[in-house]
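As they're listed, the protein sequences go chains X and Y. Each number in this note's numbering comes from the position in the first sequence (counting from 1) with 172 added on. Each number in this note's numbering comes from the position in the second sequence (counting from 1) with 9 added on.
Source of the hints: derived by calculation from the structure; they are not laboratory data. Beta carbons: idealized from backbone N, C-alpha and C, even for Gly. Wrong hints could be hidden among the right ones.
Sample of chain Y residues with no beta-carbon within 12 Å of chain X, all distances over it, derived [what the hints assert, rightly or not]:
| # | residue |
| --- | --- |
| 1 | ALA224 |
| 2 | ALA409 |
| 3 | SER507 |
With beta-carbon atoms standing in for the labels, derived distance ranges [claimed, not checked]:
| # | chain 1 | residue 1 | chain 2 | residue 2 | range |
| --- | --- | --- | --- | --- | --- |
| 4 | Y | ARG146 | X | ASN247 | 36 to 42 Å |
| 5 | X | ALA196 | Y | GLY314 | 34 to 40 Å |
| 6 | X | GLU232 | Y | ALA93 | 40 to 46 Å |
| 7 | X | ALA196 | Y | ASP222 | 33 to 39 Å |
| 8 | Y | ASP417 | X | THR255 | 34 to 40 Å |
Chain Y stretches covered by chain X per the calculated footprint, using a threshold of three residues with CB under 8 Å from any CB of chain X [stated by the list, open to error]:
| # | segment |
| --- | --- |
| 9 | 123-129 |
| 10 | 514-525 |
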Amino acid sequence: MIRTVLLAGRAGLHLRVAARIAEAAARLPTPITVRTQDRAAVPADSTLALVSLGALCGSELILEAYGPFAPGALNELADLFATDLDAADA
Amino acid sequence: MSSCVLALISVLARGALLVFFPGGALPTFFPGGALLACFTSGAWLVADLLRGLGASQGTATGPAYRLADPPRLPAPRPVTDPDAEVDRAFAAIDAAHDDIARRAAAAVDPTTAEILRAQAALAADRTLRDGVALAVRAGHEAPHAVAAVLGEHREALIAAGGLLAARTADLDDLRDRVIAHCLGLRMPALPEPGCPYILVAVDLAPADAALLDPARVLAVVTSAGSFLSHTAILARARGLPTVVACGGALDIADGTVITVDGTAGRVTTGSSHVPVDAPRPVDFSSARGSTADGHPVALLANIGGAAELSGAPVEGVGLFRTELLFQHHVDPPGLAEQVAAYGEVFAALPGRRVVVRTLDAGSDKPLPFLHDGDEPNPALGIRGLRVARRRGEILRTQIAAIAAAARDSTARVEVMAPMVTTVAEAAQFAALCRDAGLPTVGVMVEVPAAAVRAAEFLGAVDFLSVGTNDLSQYTFAADRRSGELADLLDPWQPALLSLVALCAAAGTALGRPVGVCGESAADPAFAVVLAGLGITSLSMAPAAIPAVRAALQAHTLDECRTAAQQALAAADPATARAAVTRV
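Assemble the whole structure, with the sequences as input and the hints as a guide.
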């Protein structure tokens with residue numbers, strides 16, 4: 173199943189934000205991929221791959237996962253992308 | 010040790026200008042009147058001399074140690090055993106990860122720790138390993154595979170633009186570390202020879218420069234860089250004598266005792282009998298700055314916060330940079346937070362002048378909450394006061410906070426705006442400040458447009474403060490970070506002097522203060538010229554004040570004026586400098 177979310181982090185998907193999301197994704201019971209309009213899907217638990225999406229604030233991210241755990245896992249990760257993690261730094 | 014060497018050391022110890030005579034030229038006098046060449050055993054004491062640009066004043070002598078370069082990729086060799094080559098790559102990635110994780114665990118402040126942890130997460134990343142394994146099996150040797158994979162990700166960041174494009178350094182640093190481990194080479198870390206030393210490098214990343222410990226590093230010499238690079242600015246903040254753009258610096262063998270004269274921009278080698286020196290303790294006296302005949306020239310401090318004032322009595326602050334308060338914020342700081350931060354600085358300066366510069370963001374100082382990364386040429390874009398065109402409320406909040414903090418303090422608080430280009434902008438800014446209850450308002454002169462209209466600006470504001478770094482950049486159309494163009498950014502360039510002279514003359518004619526708060530004010534010989542032009546205050550890193558005070562006290566106002574005229578009349582920076590040392 174697919175879930176679409178707008179990136180809320182105002183400084184974009186930079187290293188520290190990506191590291192936090194990848195860490196959370198690694199704990200989920202099912203693998204999730206993330207892609208943008210113009211970049212191929214990457215595993216959500218990879219900091220490097222997330223950073224390389226080059227997603228800026230407001231970018232549309234398309235999350236994809238399958239299996240019985242997919243709905244919960246997608247919700248959890250979509251919430252993180254939709255949270256301004258940079259705000260927590262301030 | 011000969012008496013001659015002793016004499017040399019005693020002169021060094023007074024922080025005086027050094028004049029060497031590599032060609033056996035006639036000795037000359039330097040300010041203060043002491044003779045500095047010496048004749049011993051029938052020969053001039055001549056050391057090997059390397060010239061660069063003085064970037065942070067003061068002198069130091071000690072053994073030189075070179076910062077290792079990032080490793081270079083060797084010529085590629087064919088992969089004969091792909092499994093072993095993948096193991097080699099993974100072992101190097103593991104080692105780099107462990108290095109970074111260790112530094113993260115040891116980091117004291119939480120921001121540094123988090124950045125390092127995130128970088129460690131990159132090194133631990135499965136995507137990196139998968140990509141490297143693929144590249145190795147496609148025939149690339151381990152270090153080349155790592156460089157190729159991280160290079161692809163780097164391209165993606167550059168393509169994304171904006172803030173992300175500025176973050177490629179994280180990947181580059183990781184690449185360098187992994188390649189070093191692949192090759193079994195030394196990591197590019199600061200040398201630790203076990204004694205205080207002089208650091209020699211191609212250039213320093215700000216992160217390296219931020220780690221410089223003045224107890225261990227006596228001075229810095231770089232082959233690249235410029236007077237205005239971050240290396241130079243951080244070195245000045247720490248009072249470390251620094252020479253940049255010094256060709257030949259990289260030929261100095263580790264352990265060679267050298268003398269760095271950050272005032273004159275010279276490095277001498279071969280003075281192997283000179284003992285290792287600690288950095289000079291800064292001799293602060295509460296005396297106000299003046300020429301030998303009592304003409305006052307205020308000597309003020311450039312600071313980013315109250316901490317930089319500790320233990321150093323100063324006449325006042327000529328440049329309080331407020332960016333530090335903003336740069337770690339994702340949102341602009343609130344009114345209360347700003348009032349508290351400004352109040353802390355004002356409380357440290359009871360009864361004294363404090364010039365607060367409003368937020369100078371943009372260009373080389375991007376802030377996350379201000380910029381969308383949509384400028385093709387940020388140095389010529391929305392920066393300094395221009396930010397108020399888009400985000401007026403940030404400036405109004407800041408002015409309100411400065412006014413509130415000023416009301417609760419005895420400091421004489423003044424405000425100035427950066428990157429002001431027209432008289433109308435200056436008048437608008439002055440009205441904002443005066444309405445908020447801040448009566449004394451000035452603007453920085455950083456663009457030629459402002460310098461040539463200095464008199465008209467002084468009709469709208471109370472004072473001018475010339476920022477020579479940016480004024481150089483915009484007058485000479487030379488990026489202030491460019492090492493290659495460092496000669497154009499030399500503050501002794503006659504065209505720059507002419508613009509400063511215009512501002513000073515306007516101030517003299519109208520009886521208004523005109524100061525200089527660029528880094529050039531920290532050069533004692535240049536300070537003499539500025540005083541002679543009619544500049545009324547010089548603002549610099551606190552550690553630079555004693556040497557400037559001494560230089561001014563060694564000259565009468567007439568001598569300063571003569572120096573200024575000769576510098577203005579000179580054909581080029583070297584001639585201008587030489588003319589002043591003859592005064």
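Problem - Structure versus earlier hints - violations, ascending order - result: 10
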